[in-house]
Amino acid sequence: MKDPGQNKISLENRFEALRFFCAIGIAILLSFVIIILVSREPFTALRNLFLGPLSSMRRFGNVVELAITLTFSGLAVAVMFSANQFNMGAEGSFYAAGAVAAMTALGLPLPPVIHPLFAILLGGLTGAVICAIPALLKAKWGASELVSSLMLNYVFFYFTRYFCNTVFKDPDSGYVSTYLLPLTAKLPRIIGGTRIHLGLFIVIAVTLLTVIFIKRTRWGYALIQTGRSPGFAGYSGINTSWVLIYSQLLGGFIAGVGGSVEVLGMYDRFQWQNLPGYGFDGVIVAILARNRPAWVPVAAFLLSYIRIGADRMSTATDVTSEMIAIIQGIIIMLVAAQAFMSRQRQKMLIKEIRSHG
Amino acid sequence: MAEDLLRMEGIVKIYSNGVVANNGVDFSVKAGEIHALVGENGAGKTTLMKILFGIEEATSGNLLLNGLRETIKSPIDAIQKGLGMVHQHFMLIESMTVAENIVLGMEPETGLLLNQKKILSDARNIIEKYNFPINPQDRIRDLPTGTRQKVEILKALFRNARILILDEPTSVLTPQETTELFEQLKTLKNLGHTIIFISHKLNEIKEICDRITIMRNAATVGVYEVAKISQQEISSLMVGKDIDLNLNKTPARPGETALRVRDLVVTDINKRRLLESVSFRLRRGEILGIVGVEGNGQRELVESITGLRKPEGGKVELWGKDLTSLSIKGIRRLGLAHIPQDRMSKGAALTSSIKENLISVAYDSPELSRGPLLNLKKIDRWCRDLIRDYQIKASSPEVPVKMLSGGNIQKVVVAREFSGDLGCIIADQPTRGIDVGAASFIHHKLLALRDSGAAILLISADLSEVMELSDSLLVMFGGRLAAYFESLSSVTEEELGLYMLGLKRQSDEEIKRCSA
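Just so you know, the protein sequences line up as chains A and B, in that order. Heads up, the first sequence is in this note's numbering, so the first residue is 1 and it goes up one at a time. Heads up, the second sequence is in this note's numbering, so the first residue is 1 and it goes up one at a time.
Hints may be right or wrong, so weigh each one.
Unchecked claim - Output of the computed footprint for chain A on chain B, the stretches with three or more beta carbons under 8 angstroms from beta carbons of chain A:
1. 334 to 346
2. 358 to 365
3. 370 to 376
Derived by calculation from the structure, the hints in this document are not laboratory data. All C-beta atoms, glycine included, are put in the ideal place defined by N, C-alpha and C.
Okay, chain A solo, but in the shape it has when bound (with noise of 0.2 angstroms):
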């Protein structure tokens, strides 16, 4: 079909899985460079970071299990990010609902599938509301959702680990932790031989729901067109602040049921100490799904392959895993940079307009 304008969109696609493939092109052949200077074993180093992940059932469970946990804090960001707000209070509310998660778990006994729903829904309470102060906030008096969120994620951290660390201290499990949680409360592993929960299904149903209320739902589309042009939404008639406050609470939400999923499904007792660094990684997963909640999983899936990669790695080898962190700034730099080959979408562009007039 000769549709100049159907052109210019398929080829605006086009690029951006270019460009995404190239930046990650790049990213492995320098860490290819890095391995081979650093390393006296490298081609065994390389063959556990790139085939690691692979050589077991378990290994794959592993990169599974983190791509599910990767998934809730990347949709939590992209929700965020796409209302145009900085807000890093995913990673409060990860932690935060994962504390509130083993403290119901324990605290109040109920019956087997109530049981982890209920909790689940608490810690998802928890994080949309974590998530929803600095919104407010920004709402009210302007204030700067980035530096209030990084903050209060501090706040919440010490205050849910206090009650996990006392109120919930089991003093016989020789180290920090809470007592062991009950089985009714906890997600059942569906593949023998791997670690992976129950979680998967609710993480698909989750990022499901996302993209319909994205596309689909009236919400969505203000909360896209207010995330574009805040000017452009509010003349319309779209109540921004609204708009502000709910994809927060929306965010936040799903952050705190990603929170709680992985305690309920990963963990036997309540034993973080620091924040776990998933709400971060929604950032860096977000970034490279570009916001778009369908892109989510697969941006999920890879960093966790090439984490799990780098694990295999540092054990087998004389290769450290902080190895990974360079390939992750590499792509993340290549993918966010706008003018990453710019050179050659214009001259593609240039192609595709000459050759249909």
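Given chain A, put chain B in place with the hints provided.
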């Protein structure tokens, strides 16, 4: 042709968003002439000038200065090669004096300090040389628009510009200021300067230009001696077809009062009054025009009516309901449509698709949604209908708005605003900077809506537009109403200019007739 001072051959420019702005443009200027460059918006004039001035890089094509091939890499490069540009939006530092602005960037220095005396004498010299009536010690912020423009021209002359590019210089001027500018341009021409004059106003081109280059669809249509071509011929060459500029306007039949503004007061952060108890009423079936030099309260007035701003005092009533306490959504639900002045940051979301732009007001109405979900089928049909009815040129409703020309973007805005149940329309610069075809389309729409009973407030800097469309007219100056004309039959543009500049003012009784 050896006599060409400047020659651009086969210029092609493809922007990174895929817009082909210049597609093999030829353009040449002879020394010492005033050369008009015309074309509809989106025809590629601005791009061509940006390439000439080194702001944009051409994808391909040649540039010859004095017969020699040159490349202009940056505006600094362009200035060194004797080019000067006076932008439509002035590039002056408001808090500095005229003299400081003129020498900016090439200030005479003694050691580490600025040589204030030399700055002043340099500025004086150039002002005297060209005989511009300006005091070099005035601060820019205290000067009217016409004078600021002269400072811009002097700035270019101080940098020894031989070729001056003026981008729609008269669009911000009153008729009196325009006359003065033309005198000065003629003086410059006699002194041997070459001037490229970009304009939409064909009568002005007939008045001062020697030759004219007409562009259409990113290419040159032709070069003509101005004396040998009529305005009608120019406009049909620009548009490529004969457009019906005749509006066939019938007399208005005003009905009941729709909008009433009472004693509206708006102040800025420093408590300075931007609007000083403005009152008027607007009836169904009429177009009330508002004219004034930009910055005399029109923006504040529009923002207060449409809910973008809470006025400090007074009331705005639509069908008797006070709008000042309502949200924008609430105001729109009462049937108020708003074509905003700022198409790029308010009227449209550039990165969103045509479809997303068309539904931003009605997306949550029962017609386009089902509970919380958008009714994608109905939205699609609705958008296709609007695109067809408003002749928006696009291959699909999914195309991002930023890929459209200015005229088509404005049609998207207008299509959206006119698609609901309309009672009252606030049209703020509805055709600024768009092509003649789209402008004429919007004019006809406005008149048709008036005849079907809508109340229309038209704010425009284009005097001829206001005079053609309006049934009655208000003039604003200094945040107040300066004049009210119940009918336009006896008003001339020159007379309006006097009121716009604050040189004349009607008595309070005369002005009060507009709120009777």
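>> Of all the hints numbered above, which does this structure not satisfy? Sort the numbers upward.
In response: none
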